[in-house]
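If you're matching them up, the sequences are chains D and X in order. Per numbering that gives the first Met the number 0, the first sequence starts with residue 0, numbered consecutively. Per numbering that gives the first Met the number 0, the second sequence starts with residue 0, numbered consecutively.
Mixed in with the good hints there might be a few duds.
Stated by the list, open to error - Each computed DSS-like pair below joins lysine-lysine, with the alpha-carbon atoms no more than 25 Å apart:
id : chain 1 : residue 1 : chain 2 : residue 2
1  : D       : 62        : D       : 117
2  : D       : 258       : X       : 26
3  : D       : 258       : X       : 16
4  : X       : 19        : X       : 7
5  : D       : 334       : D       : 118
6  : X       : 40        : D       : 243
7  : D       : 243       : X       : 19
8  : X       : 26        : D       : 243
9  : D       : 419       : D       : 407
10 : D       : 358       : D       : 422
11 : X       : 26        : X       : 36
12 : D       : 137       : D       : 334
13 : D       : 407       : D       : 422
14 : D       : 62        : D       : 118
As the list claims (entries may be wrong) - Covered by chain D, per the in silico footprint, the following chain X stretches (three or more residues, Cβ under 8 Å):
id : segment
15 : 9-22
16 : 42-49
17 : 53-61
These are computed hints drawn from the structure, not numbers from a lab. The C-beta atom is built at its ideal place from N, Cα and C for all residues, glycine as well.
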Amino acid sequence: MDQFDAIVVGAGLAGLAAAYTLAGAGFEVLVLERGDYPGAKNVSGGRLYINPVRDLFPGLLEKAPLERYIAWEGITLMAADRSVQMSYTGRELREEPRQSYSVLRSRFDRWLAAQAEKKGATILTGIRVDDVIKDSRKVTGVLAGGEDLRAEVVLACDGVLSLIPERAGLRTPGMPRDHAVGVKEVIALDAGTINERFHLEGDEGAAYLYVGDATRGRFGGGFLYTNKESLSLGIVAGLGDFLKDGQSPDVPGLLDRFKNRPEITRLIRGGTPVEYAAHVIPEGGFRALGRLWGDGILVAGDAAGLALNIGFTVRGMEYALASGCLAAQAVLRAKEAGRFDADTLSVYERLLEDSFVLKDFRNFQAAPAVMENPRFFDHYPETIGDLLRDIYAVPAGPKERLYPTLRKILRPGEIWSLFKDLKAMARL
Amino acid sequence: MSAPVEIKAKLGLDVFKPGKEPHIRIKPGLERDPRLKPAIKACPAGLYTENAEGEVLLSAEGCLECGTCRLLCGLEVLDWNYPEGGDGVQYRYG
Ligand SMILES: Cc1cc2nc3c(=O)[nH]c(=O)nc-3n(C[C@H](O)[C@H](O)[C@H](O)COP(=O)(O)OP(=O)(O)OC[C@H]3O[C@@H](n4cnc5c(N)ncnc54)[C@H](O)[C@@H]3O)c2cc1C
Ligand code: SF4
Numbered sequence: 000m001d002q003f004d005a006i007v008v009g010a011g012l013a014g015l016a017a018a019y020t021l022a023g024a025g026f027e028v029l030v031l032e033r034g035d036y037p038g039a040k041n042v043s044g045g046r047l048y049i050n051p052v053r054d055l056f057p058g059l060l061e062k063a064p065l066e067r068y069i070a071w072e073g074i075t076l077m078a079a080d081r082s083v084q085m086s087y088t089g090r091e092l093r094e095e096p097r098q099s100y101s102v103l104r105s106r107f108d109r110w111l112a113a114q115a116e117k118k119g120a121t122i123l124t125g126i127r128v129d130d131v132i133k134d135s136r137k138v139t140g141v142l143a144g145g146e147d148l149r150a151e152v153v154l155a156c157d158g159v160l161s162l163i164p165e166r167a168g169l170r171t172p173g174m175p176r177d178h179a180v181g182v183k184e185v186i187a188l189d190a191g192t193i194n195e196r197f198h199l200e201g202d203e204g205a206a207y208l209y210v211g212d213a214t215r216g217r218f219g220g221g222f223l224y225t226n227k228e229s230l231s232l233g234i235v236a237g238l239g240d241f242l243k244d245g246q247s248p249d250v251p252g253l254l255d256r257f258k259n260r261p262e263i264t265r266l267i268r269g270g271t272p273v274e275y276a277a278h279v280i281p282e283g284g285f286r287a288l289g290r291l292w293g294d295g296i297l298v299a300g301d302a303a304g305l306a307l308n309i310g311f312t313v314r315g316m317e318y319a320l321a322s323g324c325l326a327a328q329a330v331l332r333a334k335e336a337g338r339f340d341a342d343t344l345s346v347y348e349r350l351l352e353d354s355f356v357l358k359d360f361r362n363f364q365a366a367p368a369v370m371e372n373p374r375f376f377d378h379y380p381e382t383i384g385d386l387l388r389d390i391y392a393v394p395a396g397p398k399e400r401l402y403p404t405l406r407k408i409l410r411p412g413e414i415w416s417l418f419k420d421l422k423a424m425a426r427l
Numbered sequence: 000m001s002a003p004v005e006i007k008a009k010l011g012l013d014v015f016k017p018g019k020e021p022h023i024r025i026k027p028g029l030e031r032d033p034r035l036k037p038a039i040k041a042c043p044a045g046l047y048t049e050n051a052e053g054e055v056l057l058s059a060e061g062c063l064e065c066g067t068c069r070l071l072c073g074l075e076v077l078d079w080n081y082p083e084g085g086d087g088v089q090y091r092y093g
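Chain D extracted, bound-state conformation:
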């Protein structure tokens, strides 16, 4: 029986952030990862926003293998037969410090693992943790590969399905309505073509989101991000819809359909698909957060439900990095106190409350309910598409005056429901 100060389950961002922080403070940390290498099981869109986490890891993330910094944002309302696009760039996106980068997790996680190892963490891969070990009520270790491994504290950073907190009795299996499934293709394309096609220079990157027909008018959306020499193309679709009726589209078909839209084909032309990935994302927001601590155990990252969809961003990576780091800080405080019981470890929640993590979750607690509104995904993309169609149309005969054209689409009933929807959005 081996004894460690702390055992971290999962070498994702949360687990590696925790291990990096703990090892940096001289803790004997063991990280157990079921993949062949850190990142082998992990999927993200992936956009990482650096600002909120920069100070938690001084001098670290600047050296990370990031793909491109996002200098161009694009959002497209996709109707069945047309689409309306808006794009944004600004000096603030191009100047240092840059706020957001595209990343590929397999590379990024391996690099972060190497940094944690340099600090002294032990990372064992290819090992699945099967259970927690408890002495009376306190978690005192884990069972992995038939072996008992003991520690003062276990950090469950095992991702969205959160099987380890489930085993520890901290939570029950999640509900479909609190989750979305993301499917993604990585498409290799040379850097020169990417730059030309997306109007980029050097390391600039573009991040495009697509709402509406990308998910056939259902909750979710499509994304296209530029990496150094590849594109990340995917869709995210709410799982709740799959239980509602028999009409739900099939997920692989949804991605193919999106991929075959004329708006997309011209962006990926000539590229070679090199990977197909899928992963569930927690999207229930504040209401659906799991329990964050117990006797001898802390939960961080997706395992705690710490990912947030507020429409134009799906963010989980910063929350994983930050919560892993703060869980580690809670462990350091518990060490000082000499106790790892639930009461002592509950300082973790206070640290999260004081940080951007739970502040964001509180500020955006209405987001899941607001975004359940199907009109955002179906009605508005079609209506705004129609509006633009009619404004731009030049028929064979005389063109109608603009005002009557607008009135045809923006009827009083339409304006009233738009008003109501905007009012609901005011809760964001």
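Since the structure of chain D is provided, determine the placement of chain X with the ligands on it from the hints.
Positioned in the frame of chain D, the structure of chain X with the ligands alone reads:
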């Protein structure tokens, strides 16, 4: 439905290390349970199919370990675990 060949081709891009035993199973006798049906459309790897007898079949080979079926169908109808350590999909990009 996107044609099975297309999904197969996509899965062919991924690196898999096959396990000894399937890590997800439909509980014996529950193949006709309606709770399995949503996975037929929702599984990103298209691994759930329905035969002429109305039974849902699952072949866990090619599983992307996404978790969709665990959430949608639930543990009353599925025995669900991750593959053993080191087995299963190994993403090279993620
Ligand atoms: C398609 C898609 C797009 C996304 N886009 C974005 C985005 O653009 N920006 C963003 O910020 N977030 C995005 N997210 C969310 C983001 O990827 C997650 O929030 C983030 O990966 C969570 O990190 P984590 O460390 O908590 O969990 P994970 O990265 O899932 O890591 C969990 C780790 O635990 C390991 N593990 C699990 N169980 C065990 C066990 N029993 N034994 C041993 N090891 C185990 C796993 O192998 C894995 O390495 C996206 C997600 C998806 C699926
Ligand atoms: S985990 Fe995902 S890929 Fe695997 S069988 Fe279930 S739904 Fe399909």
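Right, here's what the structure says about each hint:
Annotation: proposed proximity of residue 62 of chain D to residue 117 of chain D holds, straight-line Cα distance about 14 Å (limit 25 Å). Between residue 258 of chain D and residue 26 of chain X, the direct Cα distance comes to roughly 36 Å. Violation of the 25 Å bound is thereby established for this hinted pair. For the hint pairing residue 258 of chain D with residue 16 of chain X, the CA-to-CA distance comes to about 28 Å; that exceeds 25 Å, so the pair is violated. Of the pairs offered as hints, the one joining residue 19 of chain X and residue 7 of chain X holds, with about 21 Å between alpha carbons and a cut-off of 25 Å not exceeded.
Note on residue 334 of chain D and residue 118 of chain D: the hinted pairing holds, with a Cα-Cα distance of about 19 Å set against a maximum of 25 Å. As the CA atoms of residue 40 of chain X and residue 243 of chain D are separated by approximately 13 Å, the hinted pair is consistent with the 25 Å bound. Restraint check for residue 243 of chain D and residue 19 of chain X: not satisfied, since their Cα atoms lie roughly 36 Å apart, outside the 25 Å limit. Of the supplied pair hints, the one linking residue 26 of chain X and residue 243 of chain D holds, its CA atoms being roughly 24 Å apart against a limit of 25 Å.
With a C-alpha separation of about 20 Å, the suggested pairing of residue 419 of chain D with residue 407 of chain D holds against the 25 Å cut-off. A hinted pair counts as satisfied when its Cα atoms are at most 25 Å apart, and residue 358 of chain D with residue 422 of chain D qualifies at roughly 22 Å. Annotation: proposed proximity of residue 26 of chain X to residue 36 of chain X holds, straight-line Cα distance about 14 Å (limit 25 Å). For a cut-off of 25 Å, the pair hint linking residue 137 of chain D to residue 334 of chain D stands: about 16 Å separates their Cα positions.
A C-alpha spacing of about 23 Å is found between residue 407 of chain D and residue 422 of chain D, which places the hinted pair at or below 25 Å, so the restraint holds. Using a Cα cut-off of 25 Å, the hinted pair residue 62 of chain D and residue 118 of chain D holds, with the two alpha carbons roughly 15 Å apart. Check on the segment 9-22 of chain X: 5 of its residues sit with their Cβ under 8 Å from a Cβ of chain D, so the three-residue criterion for coverage holds. Only when three residues or more bring their CB closer than 8 Å to a CB of chain D does the claim for the segment 42-49 of chain X stand; here the count is 4, and the claim holds.
Restraint check on the segment 53-61 of chain X versus chain D: 0 residues with Cβ-Cβ distances below 8 Å, three needed, restraint violated.
Of the numbered hints given earlier, the model fails hints 2, 3, 7 and 17; all others are met.
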